[in-house]
Amino acid sequence: MSTVTKQDVDLAAHVVDKSGVVNELEEALRRGARGPRGRYNIRTFLIGALLTIRNSGDAHLASIHTTLTEHMPVDLQWTYDVRRKDAQGNVQVLSVSELQNIQKRIQKKLGFGNGVDCSDDERSTRRGVLQNVIWSLLDATLPPRAARSYALDASGIWSWGRSSKSSSNGKGPFDPDAANGGKTAKNGQTEWFYGYDLHALVRVRDAGKKSEDEPILIERVAVTPASTDVVEPSLGLLKSVRTSEQDGRWSDDIDKIDLLVDRHYSYKADQRWGQSLRGLGVRQHLDLRKDETGFVDYDGMRMVGAVPHCPKTPASLDNLRSPGPAAPIQENEKFRDLIEKRQLWALERKEGPTIEGEERYKCPALKGTVGCPLRPGTVEVAHRAGLDVIADPPTESSRPACCTQQTVTIKPHKQTKHVQEHYWGSRKWAERYNDRTYVEGVFGELKNRNTECIKRGFIQTVGIEMAAFWYGLAAVSFNIRSRRRWSLDQLAAGAEIDTNDPFAKPEQPFHGLTHLTEEQLGEIDRRQEAA
Amino acid sequence: MSRKINAAANRRLRDEILAERESHQIPSEHETHLQQWRPKDLDETRWVEICPIVQKALRCSTVKSLGTFKKLCRNVSDFVDWSTDRGNAATTEALFIPTVIDEYVRKGMDRFTKGSKATNESALRRLARSVNPDLNAARQSTPIGYAPIKPPYDKADTEAILRIAATHPEGPTGRKFAACVGLGLGAGAGPKDLRVLRRQDIDLAADSPTVTLEGLEKRTVEIRPEYLDLVERGVDGLKPDDLVVATDANAKDVVASVMSRVKVLGACPELSQGRLRATWQAWCVDQPVRLADVMEMCGLRSCRTLVDLVDYLRAAS
Numbered sequence: 002m003s004t005v006t007k008q009d010v011d012l013a014a015h016v017v018d019k020s021g022v023v024n025e026l027e028e029a030l031r032r033g034a035r036g037p038r039g040r041y042n043i044r045t046f047l048i049g050a051l052l053t054i055r056n057s058g059d060a061h062l063a064s065i066h067t068t069l070t071e072h073m074p075v076d077l078q079w080t081y082d083v084r085r086k087d088a089q090g091n092v093q094v095l096s097v098s099e100l101q102n103i104q105k106r107i108q109k110k111l112g113f114g115n116g117v118d119c120s121d122d123e124r125s126t127r128r129g130v131l132q133n134v135i136w137s138l139l140d141a142t143l144p145p146r147a148a149r150s151y152a153l154d155a156s157g158i159w160s161w162g163r164s165s166k167s168s169s170n171g172k173g174p175f176d177p178d179a180a181n182g183g184k185t186a187k188n189g190q191t192e193w194f195y196g197y198d199l200h201a202l203v204r205v206r207d208a209g210k211k212s213e214d215e216p217i218l219i220e221r222v223a224v225t226p227a228s229t230d231v232v233e234p235s236l237g238l239l240k241s242v243r244t245s246e247q248d249g250r251w252s253d254d255i256d257k258i259d260l261l262v263d264r265h266y267s268y269k270a271d272q273r274w275g276q277s278l279r280g281l282g283v284r285q286h287l288d289l290r291k292d293e294t295g296f297v298d299y300d301g302m303r304m305v306g307a308v309p310h311c312p313k314t315p316a317s318l319d320n321l322r323s324p325g326p327a328a329p330i331q332e333n334e335k336f337r338d339l340i341e342k343r344q345l346w347a348l349e350r351k352e353g354p355t356i357e358g359e360e361r362y363k364c365p366a367l368k369g370t371v372g373c374p375l376r377p378g379t380v381e382v383a384h385r386a387g388l389d390v391i392a393d394p395p396t397e398s399s400r401p402a403c404c405t406q407q408t409v410t411i412k413p414h415k416q417t418k419h420v421q422e423h424y425w426g427s428r429k430w431a432e433r434y435n436d437r438t439y440v441e442g443v444f445g446e447l448k449n450r451n452t453e454c455i456k457r458g459f460i461q462t463v464g465i466e467m468a469a470f471w472y473g474l475a476a477v478s479f480n481i482r483s484r485r486r487w488s489l490d491q492l493a494a495g496a497e498i499d500t501n502d503p504f505a506k507p508e509q510p511f512h513g514l515t516h517l518t519e520e521q522l523g524e525i526d527r528r529q530e531a532a
Numbered sequence: 333m334s335r336k337i338n339a340a341a342n343r344r345l346r347d348e349i350l351a352e353r354e355s356h357q358i359p360s361e362h363e364t365h366l367q368q369w370r371p372k373d374l375d376e377t378r379w380v381e382i383c384p385i386v387q388k389a390l391r392c393s394t395v396k397s398l399g400t401f402k403k404l405c406r407n408v409s410d411f412v413d414w415s416t417d418r419g420n421a422a423t424t425e426a427l428f429i430p431t432v433i434d435e436y437v438r439k440g441m442d443r444f445t446k447g448s449k450a451t452n453e454s455a456l457r458r459l460a461r462s463v464n465p466d467l468n469a470a471r472q473s474t475p476i477g478y479a480p481i482k483p484p485y486d487k488a489d490t491e492a493i494l495r496i497a498a499t500h501p502e503g504p505t506g507r508k509f510a511a512c513v514g515l516g517l518g519a520g521a522g523p524k525d526l527r528v529l530r531r532q533d534i535d536l537a538a539d540s541p542t543v544t545l546e547g548l549e550k551r552t553v554e555i556r557p558e559y560l561d562l563v564e565r566g567v568d569g570l571k572p573d574d575l576v577v578a579t580d581a582n583a584k585d586v587v588a589s590v591m592s593r594v595k596v597l598g599a600c601p602e603l604s605q606g607r608l609r610a611t612w613q614a615w616c617v618d619q620p621v622r623l624a625d626v627m628e629m630c631g632l633r634s635c636r637t638l639v640d641l642v643d644y645l646r647a648a649s
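Chains as they are written, first to last, in the numbering used here: chain U, 2 to 532; chain D, 333 to 649.
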C-alpha cells in the first residue's frame, strides 16, 4: 500500500471530471423518471476506486473506503467530500454503506446479465450506458494522436463466482453470466477457466516510429463471457473509435487504420471479419497458422497467404514455416531470407482489395523481380541484374491468365481472410507485426500483482455488469499510470511537454506522514469548516 | 540479409531494352543484299514460301561485316528450308528456338565440314538470340540469382586506404580496421568471412603465414607478404579464441560497423570490404595460377564472379 498524494488525487479527479461521467451515472441511477436524484457521491466513489485499484491492486469497497478515509490526507478528504458537515453541523465521514449503495444501484439500474429481468432492448441500453461510462473515462486519459496503429487482443479473467449453483468447486456465489473458456497459461498450454474475456484495443506506434513517441495506452475495452466469439465485440470497439468525433481519434481524413491481431482473428471467415474491417477502412496485419503456409492452386497460380505466385515458383520455396519467436537469430534470418526470395516470385498487387476482397495482380516478371521468356526483355534484365530466370515457362496449353495478361483479377477465395498489406514473413511484415506484443504487455501489466492485479478476487462480486465496470476502471487506472510515467520520462529526457498537462506535472517532494491526535484532527476539521 | 532488388530500376531497364530492340536496323548495304538474295539451290516456289521468314530473321542480325552477313543469308535460308520442311510452324518465333536449332545441328548439317558446321551453328544461335532474345536467353543462362561483384579499387584508392589504416589512431577501431584491410587485400576475406574469424584461424608463425576463412567456402589462403604488418596489427593482443573483428558470434553488419567508425580526415574512397576482396581477386586473376585454384582460393563455386571481374579490369586498362 503506497501513500496517496495530492497529485494522485488531483489526477484521478481530473480524469473523472473531464470524462463527464458523473452526471451520466447520476442520471442513470435515478430512482424513477419523476423522482429526485438520489444522493450518491459518485465522483468521490470513482476517484476512490481509481486510487484504490492503483494502490491496493483490488476493487473491494472496503479497500476504497480505507483509501478515502485513511490514506487520503484529511484536508483533501474535505475537498473531495469524504468529510463533510451534516445538517446539524457535525462532521460526517463517508461510510462503507454509501459506497455499497452506489454499487447496488449500478447492479440494479444497469445490470444486463442473464439474471436480470428486463427486455432485450433495455438490456442493450444498459450495456451501452456502462460501456459509454468506461469509454468516456478512457477518453479522458488519452492524448490526441496522429498515429493510426492499434493492437487488439482478448485475455481471460477468472470470475469470483462459481460455475453452477450446485458446484462445490471454488468459493463465492454462483455467477450466471460468466462462461467456461480456454486461455493460454504461463507455460504456453491451454488452461480452462470460468470467467470473462477482457477485449482491449491498444494504441501502438506507427511503422517506422520510435516506441517512445507515444505512451502505450488502452483506447477501448469490452467484457464478454469467456468463449464468446471475438468478432462482434471487436468490431464494436473498432466502430466506436472509428465514429468518434473527438480530436486525436480516427476520422475520415485518416484513410486506413492498421490493426495488429493474433492468429485467433485470422481464423475468422472473411465475410464476417475481413470484409467488416475493410468496410471500416481497417487494414489488418496477421500471422498464418502452421497448416496455412503451403501453396494452394488458384487458376494455375500458387497461392499462399492470399498472395498469388508465379506458376513456376521453385518447389523449394513452398511451405516455409516460421521458426517462431524463440528461435535463434540465425534461424529467423534464414527464414526471412527464404521468404524474401519467394517474394520475388509473388505477383504484384495493383488494385484492391475491395471490400469484398477482390484484387488485381501483375506478373513478377513484369514487376521486375524475375526473368521469364514469356515476357519480352525480362530475361535480359534478369541476366544483367542477377535475378532468377524461368528456364521452362508454362507451355501454351497450360498457361494461366497471369502469363498472358498484363494483370489478373483474383476473386474472393478461401485465403482472402489472410489479405494484408505486407508479404507474410518478410522483414517489413515482422517489423509491423512484432508490435502486437504491446497488447500482450498491457494485459501482463493489468494482471501484475504490483499494478492493477486483475485476477480472481480483484472484485468479490458477480455479474457481467460488475465485471465490465470494474475491469474497465482497471483499464482507466492503467492509462493514468502509463501516461503519467511516459510524461515524466519525456520530461526527464528533456522533451518539450506542456507542463499544464496534469499528467506531466513534476512530482512534488513527499516529506512523510504524521500521526494525528484527536485534537489535531479536530483542529483541521474546524479549519476546513471555516474555509 | 538478402540482397535488395530494385524492381523499379529493372522495369526501366526492360523498357530501354525493348525500345532498343524496336529501333534495331541492319546497315543499308546489308538491306540491299537481302533484297536481292536468292538461294541457288532452292526453286522459286519454295523460296517465295520461306522468303518472308528468312528476311524477317535476318533483319534482326547484328553482324557488321557484309561478307559475314552474306554467309549468314545462305546459312539461314538453308536452316529455314530444312526445318519448315520437317513440319515446324513457318514463323520466326517457332523456328529460331534452341530445340529446333539443336535438331538442325544434329540432322540437317551433314553436308558441312566439321569446322564450318561449328561456325554456322554458332552464327545461327547468335542470330536466334537476336530474333527471339527471351526464349534463347533463358536457355543460355543458369536459373540461379547471384550478387554482382563490386569493382576493385585502383592503385591510388588502395594506397589511400593503406595510408588511412597505417595512420589510424590506436584502439579497437584502428586494430579492427587494420585486420579488415590486411585480410581483405592480403587474403581476399569478405564480410561474411570476417564475421566468424577468430585469432586461432590466423597462423602468423609459419614460414608462409596463412588464414583459414570459412564465411563463404572454407579455405586456407596464404597472406600476401606486403600486408602482413597490417594483419599483425589487426590481431595484436588477441587470445586464440577471440573474434578478430566481430564483438560476438551472432553480430550482424560486423565490418560495416567498423568501417563507419573509421576516422578519416579529408578525401577517402568508399570503404567497402567487398571492394577490398575484389581487389585481391583481381590480383589473383593476374597471377599464373590455374582457374580451379583461383576459384578455390576465392571461395567461389562458379566463375561468374571472375568473368565480371575481367570486365572491370578491361575497363580499367
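Honestly, I wouldn't trust all of these hints.
To give a feel for the contact side, a few chain D residues facing chain U, derived at Cβ under 8 Å [unchecked claim]:
| hint | residue |
| --- | --- |
| 1 | Ile337 |
| 2 | Asn342 |
| 3 | Arg343 |
| 4 | Ile349 |
| 5 | Val380 |
| 6 | Glu381 |
| 7 | Pro384 |
| 8 | Leu398 |
| 9 | Gly399 |
| 10 | Ala450 |
| 11 | Leu467 |
| 12 | Pro483 |
| 13 | Asn582 |
| 14 | Arg593 |
Because the hints were derived from the structure by calculation, they are not lab data.
All values derive from a computational prediction rather than experimental measurement.
Cβ atoms here follow ideal geometry from the backbone N, Cα and C, with glycine treated the same way.
A quick look at each hint next to the structure:
1. Below 8 Å, beta-carbon pairs count as interface contacts, and Ile337/D has one with chain U at about 6 Å; its hint therefore holds.
2. Checking Asn342/D against chain U by beta carbon gives a least distance of about 3 Å; that is within 8 Å, so the hint holds.
3. Interface hint at Arg343/D: satisfied, since its Cβ lies 4 Å from the closest Cβ of chain U, which is below the 8 Å cut-off.
4. Given hint, Ile349/D at the interface with chain U, holds; its Cβ is 4 Å from that chain's nearest Cβ, closer than 8 Å.
5. For Val380/D, the interface hint is violated, the least distance from its beta-carbon to any beta-carbon of chain U being 29 Å, above 8 Å.
6. A distance limit of 8 Å between C-beta atoms decides the matter here; for Glu381/D the minimum to chain U is near 24 Å, and the interface restraint is violated.
7. For the restraint placing Pro384/D at the interface with chain U, the shortest Cβ-Cβ distance is roughly 21 Å, beyond the 8 Å limit, so the hint is violated.
8. Proximity of Leu398/D to chain U is violated relative to the hint, the smallest CB-CB distance being about 27 Å (cut-off 8 Å).
9. Checking Gly399/D against chain U: minimum C-beta separation of about 28 Å lies over 8 Å; hint violated.
10. At about 24 Å, the closest approach between the beta carbon of Ala450/D and any beta carbon in chain U exceeds 8 Å, and the interface hint on this residue is violated.
11. Hint on Leu467/D holds. Least Cβ distance to chain U is approximately 5 Å, under the 8 Å limit.
12. A distance limit of 8 Å between C-beta atoms decides the matter here; for Pro483/D the minimum to chain U is near 15 Å, and the interface restraint is violated.
13. Checking Asn582/D against chain U by beta carbon gives a least distance of about 5 Å; that is within 8 Å, so the hint holds.
14. The criterion of a C-beta within 8 Å of any C-beta in chain U is not met by Arg593/D, whose closest approach is roughly 23 Å, and the hint is violated.
In summary, the numbered hints that this structure violates are 5, 6, 7, 8, 9, 10, 12, 14.
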